[in-house]
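Starting from the known structure of chain A, fit chain B onto it as the hints suggest.
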Amino acid sequence: MTDSDQNPATIQRKEIIYTLDDIPAPVRQRPRSSWQRISDIPAFRKSLLLALLAGIWEAYARYLGNELVLPTFSGTVLALFSAIASGELPRATVYTLALLLKGYVAGLAIAAGLTAFASATRLGADLLETLTAMFNPLPSIALLPLALIWFGLGEGSVIFVLIHAVLWAVALNTHAGFKSVSPTLKMVGRNYGLTGLRYVTRILIPGAFPSILTGLKVGWAFAWRTLIAAELVFGATSSSGGLGWYIFERKNQLLIPDVFAGLLTVIVFGLLVENLLFRTLEKYTVRRWGMAS
Amino acid sequence: MTGSQTTALLSVRDVSLQYNTANSVVTAVSQLSFEVHTSDRFVLLGPSGCGKSTLLKAVAGFIEPTAGKITLAGKPVCAPGPERAMVFQEFDQLLPWKTVTGNIMFPLVATGMATAAARERAALYIEKVGLSRFANSYPHTLSGGMKQRVAIARAMAMEPGILLMDEPFAALDALTRDRMQEELLRLCADTDSTVLFVTHSIAEAIRIGTRILLLSPHPGRAKAELNCDGIDTADASGEHLSQRIRRLLFGNLVEEDTADD
Numbered sequence: 001m002t003d004s005d006q007n008p009a010t011i012q013r014k015e016i017i018y019t020l021d022d023i024p025a026p027v028r029q030r031p032r033s034s035w036q037r038i039s040d041i042p043a044f045r046k047s048l049l050l051a052l053l054a055g056i057w058e059a060y061a062r063y064l065g066n067e068l069v070l071p072t073f074s075g076t077v078l079a080l081f082s083a084i085a086s087g088e089l090p091r092a093t094v095y096t097l098a099l100l101l102k103g104y105v106a107g108l109a110i111a112a113g114l115t116a117f118a119s120a121t122r123l124g125a126d127l128l129e130t131l132t133a134m135f136n137p138l139p140s141i142a143l144l145p146l147a148l149i150w151f152g153l154g155e156g157s158v159i160f161v162l163i164h165a166v167l168w169a170v171a172l173n174t175h176a177g178f179k180s181v182s183p184t185l186k187m188v189g190r191n192y193g194l195t196g197l198r199y200v201t202r203i204l205i206p207g208a209f210p211s212i213l214t215g216l217k218v219g220w221a222f223a224w225r226t227l228i229a230a231e232l233v234f235g236a237t238s239s240s241g242g243l244g245w246y247i248f249e250r251k252n253q254l255l256i257p258d259v260f261a262g263l264l265t266v267i268v269f270g271l272l273v274e275n276l277l278f279r280t281l282e283k284y285t286v287r288r289w290g291m292a293s
Numbered sequence: 001m002t003g004s005q006t007t008a009l010l011s012v013r014d015v016s017l018q019y020n021t022a023n024s025v026v027t028a029v030s031q032l033s034f035e036v037h038t039s040d041r042f043v044l045l046g047p048s049g050c051g052k053s054t055l056l057k058a059v060a061g062f063i064e065p066t067a068g069k070i071t072l073a074g075k076p077v078c079a080p081g082p083e084r085a086m087v088f089q090e091f092d093q094l095l096p097w098k099t100v101t102g103n104i105m106f107p108l109v110a111t112g113m114a115t116a117a118a119r120e121r122a123a124l125y126i127e128k129v130g131l132s133r134f135a136n137s138y139p140h141t142l143s144g145g146m147k148q149r150v151a152i153a154r155a156m157a158m159e160p161g162i163l164l165m166d167e168p169f170a171a172l173d174a175l176t177r178d179r180m181q182e183e184l185l186r187l188c189a190d191t192d193s194t195v196l197f198v199t200h201s202i203a204e205a206i207r208i209g210t211r212i213l214l215l216s217p218h219p220g221r222a223k224a225e226l227n228c229d230g231i232d233t234a235d236a237s238g239e240h241l242s243q244r245i246r247r248l249l250f251g252n253l254v255e256e257d258t259a260d261d
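Just so you know, the protein sequences line up as chains A and B, in that order. This note's numbering puts the first residue of the first sequence at 1, with every later residue one more than the last. This note's numbering puts the first residue of the second sequence at 1, with every later residue one more than the last.
Please note that the accuracy of each hint is not assured.
[Claimed, not checked] Subject to a maximum C-alpha distance of 35 Å in a straight line, what follows is the list of computed DSBU-like cross-link-like pairs (lysine-lysine):
#1 A:14 - A:217
#2 A:283 - A:179
#3 B:98 - A:283
#4 A:251 - A:46
#5 A:102 - A:217
#6 B:223 - A:283
#7 A:186 - B:223
#8 A:283 - A:102
#9 A:102 - A:46
#10 A:283 - B:128
#11 A:14 - A:179
#12 A:217 - A:179
#13 B:69 - A:179
#14 A:217 - A:46
#15 A:217 - A:186
#16 A:251 - A:179
#17 B:75 - A:186
#18 B:98 - A:46
#19 A:186 - A:102
#20 A:102 - A:179
#21 B:223 - A:217
#22 B:98 - B:223
#23 A:186 - B:128
#24 B:128 - B:75
#25 A:251 - A:186
#26 B:75 - B:223
#27 B:69 - A:102
#28 A:46 - A:14
#29 B:223 - A:179
#30 A:186 - B:98
#31 B:98 - B:75
#32 B:98 - B:128
#33 B:128 - A:102
Since the hints were derived computationally from the structure, they do not count as laboratory data.
The following block holds chain A by itself, in its conformation from the complex:
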């Protein structure tokens, strides 16, 4: 009788205080099988895929049986090794890379100057935005005929075209990166009395590093493609041609496996720089800092 008299809201329940020792702790970690772990590595999965593609290439080329149209994979690898052994391919690669580095560094230097001007003044920002909007869509290779008139048949023309390839991508990304650094971080820098160059190097550049890195990557990709194309067009004139010229010359001599070996080298160096160099740089900077987008 007394129970039914009571209002349900006022029924007192007993309080309980648990101690964690009373409850058996579940197993929190369990080792995964070695297959699970190895198949988690992207490089492993991609290597498998590459091997599969090489197999398909080999099979189709053998079925076709025409080395002038499509040499076999094994034939290409053999041509690659003999070209490396003869020293011709390494020489061409070194020549191309040296030229690329000159153009890349010059492009970066000009981009740095332009971005500094753009960050310091409104006129500079307007100038950079207008120039980038104009020149970014213009493929660098389209400037080569003009460059040949201005700078003649030599390194000068190629470097000019390379600068054009690198400059806009890097300047645009760096400028956008500076603008997108969080206002709080900017205030923190100024709060601790940083001004001028110290403010730029200690707050703006690291704060904008994800964007700057993107600019460097895009600039590199543009420069690499542009250079190979430029060499294909006019390597004929210089005695020590680079990779593009190597490919063009071998095609003229109908050494198609060598052409494929040259193309493979272009691919390998593109991959090496984009995936190894920049990936490593990313790993030790923006990923470590939790800034990767």
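Below, chain B alone, put in the same frame as chain A:
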């Protein structure tokens, strides 16, 4: 009441602040005066739109007053400086490319301290905020409360003349905020810091403040300056401090306030 014999550390005299929007000039703070003394925990309290954050940014030197004068220890404030170290509300105030230790060392080294001495000082303050285990962690691996602790340690390690705090706990969950308030009080007692603290929470103002300046919105004007000892005590008439603050801030403005929103 206002001790004329003790000189003020921070003095804000008849300060007005304005900022530009796309098509008008807005007055954020109008004709405001107050003084902060050494070891004060001076709280600027008011609803949003009362210009309290703008006022703090002016004391920090980010905004120039359109009228009036701000002086710290007799010297006029004209630019941001490390003697007015600031703690922000946002978690992204830590440099993501530096570890906890690196973040605390950064302003010390930037203002000319030797690296070894800065490292030692950083370690001391990391211990004060209880983050020794995370000294080499990067900010993105820390929780919100830990990030704010690092920011407070960084500002305090500068041993600034005055510590400016712009709603540092507003973005934290209630439980963490409660713990952080307690920790801040302990740290202040420990280091004898002078703090200028901005908040929109009456409870936080009472808990943190030794003196509370109430601001009314649109534009920010002083409503009252009250003393506080950290507890919501009742005065002679039986009115609690929080009730008094509520009455002073909103009492006769209820209709106007609701019409505004």
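These are the hints, each one checked on the structure:
At roughly 65 Å between alpha-carbon atoms, residue 14 of chain A and residue 217 of chain A are farther apart than 35 Å, so this suggested pair is violated. The suggested pairing of residue 283 of chain A with residue 179 of chain A holds, with an alpha-carbon distance near 24 Å, which does not exceed 35 Å. Between residue 98 of chain B and residue 283 of chain A the alpha-carbon distance is near 15 Å, which keeps this suggested pair within the 35 Å criterion. Among the hinted pairs, residue 251 of chain A with residue 46 of chain A is consistent with the structure: their alpha-carbon atoms are about 31 Å apart, no more than 35 Å.
About 16 Å separates the Cα atoms of residue 102 of chain A and residue 217 of chain A, which keeps this hinted pair within 35 Å; it holds. For the hint pairing residue 223 of chain B with residue 283 of chain A, the CA-to-CA distance comes to about 54 Å; that exceeds 35 Å, so the pair is violated. About 33 Å separates the Cα atoms of residue 186 of chain A and residue 223 of chain B, which keeps this hinted pair within 35 Å; it holds. Of the pairs offered as hints, the one joining residue 283 of chain A and residue 102 of chain A holds, with about 26 Å between alpha carbons and a cut-off of 35 Å not exceeded.
Proposed proximity of residue 102 of chain A and residue 46 of chain A is supported: the alpha carbons are some 33 Å apart, at most 35 Å. With a C-alpha separation of about 32 Å, the suggested pair residue 283 of chain A and residue 128 of chain B falls inside the 35 Å cut-off, and the hint holds. Of the pairs offered as hints, the one joining residue 14 of chain A and residue 179 of chain A is violated, with about 60 Å between alpha carbons and a cut-off of 35 Å exceeded. Distance restraint check for residue 217 of chain A and residue 179 of chain A: the Cα-Cα separation of roughly 19 Å lies within the 35 Å cut-off, and the hinted pair is therefore satisfied.
Distance hint between residue 69 of chain B and residue 179 of chain A is fulfilled; the C-alpha atoms sit about 32 Å from each other, no more than 35 Å. Our distance criterion of 35 Å between C-alpha atoms is met by residue 217 of chain A and residue 46 of chain A, whose separation comes to about 21 Å. Among the hinted pairs, residue 217 of chain A with residue 186 of chain A is consistent with the structure: their alpha-carbon atoms are about 26 Å apart, no more than 35 Å. At most 35 Å may separate the alpha-carbon atoms for a hinted pair to count; residue 251 of chain A and residue 179 of chain A exceed this at roughly 48 Å.
With a C-alpha separation of about 25 Å, the suggested pairing of residue 75 of chain B with residue 186 of chain A holds against the 35 Å cut-off. At roughly 34 Å between alpha-carbon atoms, residue 98 of chain B and residue 46 of chain A fall within 35 Å of each other, so this suggested pair holds. Note on residue 186 of chain A and residue 102 of chain A: the hinted pairing holds, with a Cα-Cα distance of about 34 Å set against a maximum of 35 Å. At roughly 29 Å between alpha-carbon atoms, residue 102 of chain A and residue 179 of chain A fall within 35 Å of each other, so this suggested pair holds.
Using a Cα cut-off of 35 Å, the hinted pair residue 223 of chain B and residue 217 of chain A is violated, with the two alpha carbons roughly 57 Å apart. Between residue 98 of chain B and residue 223 of chain B the CA atoms are separated by roughly 42 Å; this puts the pair beyond 35 Å, and the hint is violated. With a CA separation close to 27 Å, the supplied pair residue 186 of chain A and residue 128 of chain B stays within the 35 Å bound. In summary, the hint linking residue 128 of chain B to residue 75 of chain B is supported, as the alpha carbons are separated by about 31 Å, within the 35 Å threshold.
For a cut-off of 35 Å, the pair hint linking residue 251 of chain A to residue 186 of chain A is broken: about 56 Å separates their Cα positions. Proximity of residue 75 of chain B to residue 223 of chain B is assessed by CA-CA distance (about 27 Å); at most 35 Å being required, the pair is judged to hold. For a cut-off of 35 Å, the pair hint linking residue 69 of chain B to residue 102 of chain A is broken: about 55 Å separates their Cα positions. For the hint linking residue 46 of chain A to residue 14 of chain A, the alpha-carbon distance of about 61 Å lies beyond 35 Å, and the restraint is violated.
Straight-line distance between C-alpha atoms of residue 223 of chain B and residue 179 of chain A comes to about 39 Å, which puts the hinted pair past the 35 Å bound. About 15 Å separates the Cα atoms of residue 186 of chain A and residue 98 of chain B, which keeps this hinted pair within 35 Å; it holds. Restraint check: the Cα-Cα separation between residue 98 of chain B and residue 75 of chain B comes to about 33 Å, which is no more than 35 Å; the hinted pair holds. Proximity of residue 98 of chain B to residue 128 of chain B is assessed by CA-CA distance (about 20 Å); at most 35 Å being required, the pair is judged to hold.
With a C-alpha separation of about 52 Å, the suggested pair residue 128 of chain B and residue 102 of chain A falls outside the 35 Å cut-off, and the hint is violated.
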